[in-house]
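Each protein sequence line maps, in turn, to chains A and B.
For the first sequence, position 239 matches number 798 in my numbering, and the numbering has no gaps at all.
For the second sequence, position 2 matches number 561 in my numbering, and the numbering has no gaps at all.
In short, the hints are calculated from the structure, not lab data.
No experiment lies behind these values; they were computed from the predicted model shown.
There may be inaccurate statements among the hints.
Note that the list lumps identical chains together, so a pair holds whenever it fits in one copy or between two copies.
In silico SDA-like links for lysine to any residue, alpha-carbon gap of 25 Å or less [claimed, not checked]: (1) Lys794 <-> Asp607; (2) Lys744 <-> Asp642; (3) Lys694 <-> Gly583; (4) Lys756 <-> Thr768; (5) Lys672 <-> Lys788; (6) Lys570 <-> Ser616; (7) Lys788 <-> Tyr639; (8) Lys794 <-> Met602; (9) Lys570 <-> Leu641; (10) Lys729 <-> Phe757; (11) Lys782 <-> Ile621.
2 protein chains.
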Amino acid sequence: MKKPIAIQGIKGSFHHEVAQQYFGTKTEVVECMSFDSAVDRLMEGDTDNIVMALENSIAGSIIPNYALIDNHNLSIVGEYYLDIQHNLMALKGQTIASILEVHSHPMALLQCKVFLKNYPHIRLVEAKDTADVAKQIVEQNLSGIAAIASKNAAKMYNLEVLAESIQTIKHNETRFAIVKRENSKVERKAINKASLKFELDHKRGSLATILNVMSDCKLNLTKIQSLPKIDTPWKYAFFVDITFEDYEDYKKANAIMQLMAENFKVLGEYKNARL
Amino acid sequence: MKKPIAIQGIKGSFHHEVAQQYFGTKTEVVECMSFDSAVDRLMEGDTDNIVMALENSIAGSIIPNYALIDNHNLSIVGEYYLDIQHNLMALKGQTIASILEVHSHPMALLQCKVFLKNYPHIRLVEAKDTADVAKQIVEQNLSGIAAIASKNAAKMYNLEVLAESIQTIKHNETRFAIVKRENSKVERKAINKASLKFELDHKRGSLATILNVMSDCKLNLTKIQSLPKIDTPWKYAFFVDITFEDYEDYKKANAIMQLMAENFKVLGEYKNARL
Chain A
560 MKKPIAIQGI KGSFHHEVAQ QYFGTKTEVV ECMSFDSAVD RLMEGDTDNI VMALENSIAG
620 SIIPNYALID NHNLSIVGEY YLDIQHNLMA LKGQTIASIL EVHSHPMALL QCKVFLKNYP
680 HIRLVEAKDT ADVAKQIVEQ NLSGIAAIAS KNAAKMYNLE VLAESIQTIK HNETRFAIVK
740 RENSKVERKA INKASLKFEL DHKRGSLATI LNVMSDCKLN LTKIQSLPKI DTPWKYAFFV
800 DITFEDYEDY KKANAIMQLM AENFKVLGEY KNARL
Chain B
560 MKKPIAIQGI KGSFHHEVAQ QYFGTKTEVV ECMSFDSAVD RLMEGDTDNI VMALENSIAG
620 SIIPNYALID NHNLSIVGEY YLDIQHNLMA LKGQTIASIL EVHSHPMALL QCKVFLKNYP
680 HIRLVEAKDT ADVAKQIVEQ NLSGIAAIAS KNAAKMYNLE VLAESIQTIK HNETRFAIVK
740 RENSKVERKA INKASLKFEL DHKRGSLATI LNVMSDCKLN LTKIQSLPKI DTPWKYAFFV
800 DITFEDYEDY KKANAIMQLM AENFKVLGEY KNARL
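Extracted from the complex, chain A is given alone in its bound form (with noise of 0.2 Å):
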């Protein structure tokens, strides 16, 4: 039987909704309240899948994911992208004017902030989770009180939508990984995406030679992420994205890349989710 797949946060989080997307409307979950929980119940086998997000369009990477999948020496097996919208909803029947607090994690305040500052008397409350809001809301019966949450959270607890997509900037582009502790068991053809890890001295050049064996082999970079080693000056460790039409080249690439830099790890090899 097929376990259910770990989630950050409760139903009807964006975790959830990219849990739904990929693998299945119908799709059992494991709520988990922070992205380490997530890994404990991989790694103790009670999921095979984590649905992790690992960059945005406005904060960047989440790096302490990264270090995460590295440490746990687990696999990226497909990604996922997602564009955040935030919406305020409430108990049916209630409108703007009725409502006295909204309650949303910091960040989505923070991502709404020029739409609130329209409702002076609307006081803002920092909470953890932005679907679980809307569930106290409905479970608790809360009139006065909104939530700042996706459209799915809103059809999941049964309430209104006051007002749609109210954060500052429009897109807000998420990309989520799924997160297996082994290898892919992707076919090598639907492989056209890999995620890498590797460490480089603070040497000129360094890096501009890793990536001109990239461009020679036909590998095309779509994100890099330099971040110093910890307690090492001058080692960086690079997080890369590539993408490619031939895995012959890319594995052509790996043999090169290997010899030349320390600590060459493939964190997943899979299928691009962009076209």
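For this one, chain A is given, so just place chain B on it according to the hints.
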């Protein structure tokens, strides 16, 4: 007369510590409740300098702060590295056994999770600002409540440190920038580091070509971060830091890069804080 320095957070915060280290211990500061409001104070002329965290060795770059600098055309004129150490502190005479609650920023609570697990009798409560909790404990004479904050905060608010350096990852270095409205007045010969931003098409080898120019001109790369351009598929912005020995080498590379990359921009030229 010198205007006070804008910091994010209150006196006793890590930003305050950097302001004191960089500008001198007697430096006056303007306490700002967010990075956005610190930039507002700068734009309105209430201050001529902001201390702003840019990246740390655990969480990576703070992309929204790069966006603030970029969008307001501000200049980085200096940098400072601070090793962030979290300490448990409470009113004098208290012991860990007498502590019932610890209040701190969610990130600080997370970073000290392993230490706090040893004291299951202590309830964790999320707060907005690490130093502000220390201040409240003194002002309201709160016994049974501890803060997680810097030694600086303990000293400033006369609290007793119950446990030192309680964060799980002992080395947690954060890089701060000194940010002004206008360009650096630093003497050319003192400049050996620069922060750049440029855009490239998703074309094979485009980044490698730029890095080859840097390498040919004897520039060393100390940081690189790609960010997909919102609403422009296949176009990427890169934030890059470089160090060099000779300003003329850097000027030459700049002239070439301006021709090769789109929207090339110098975010700052300053003195490398690392030796």
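What are the numbers of the hints the structure violates, in ascending order?
1, 2 and 8
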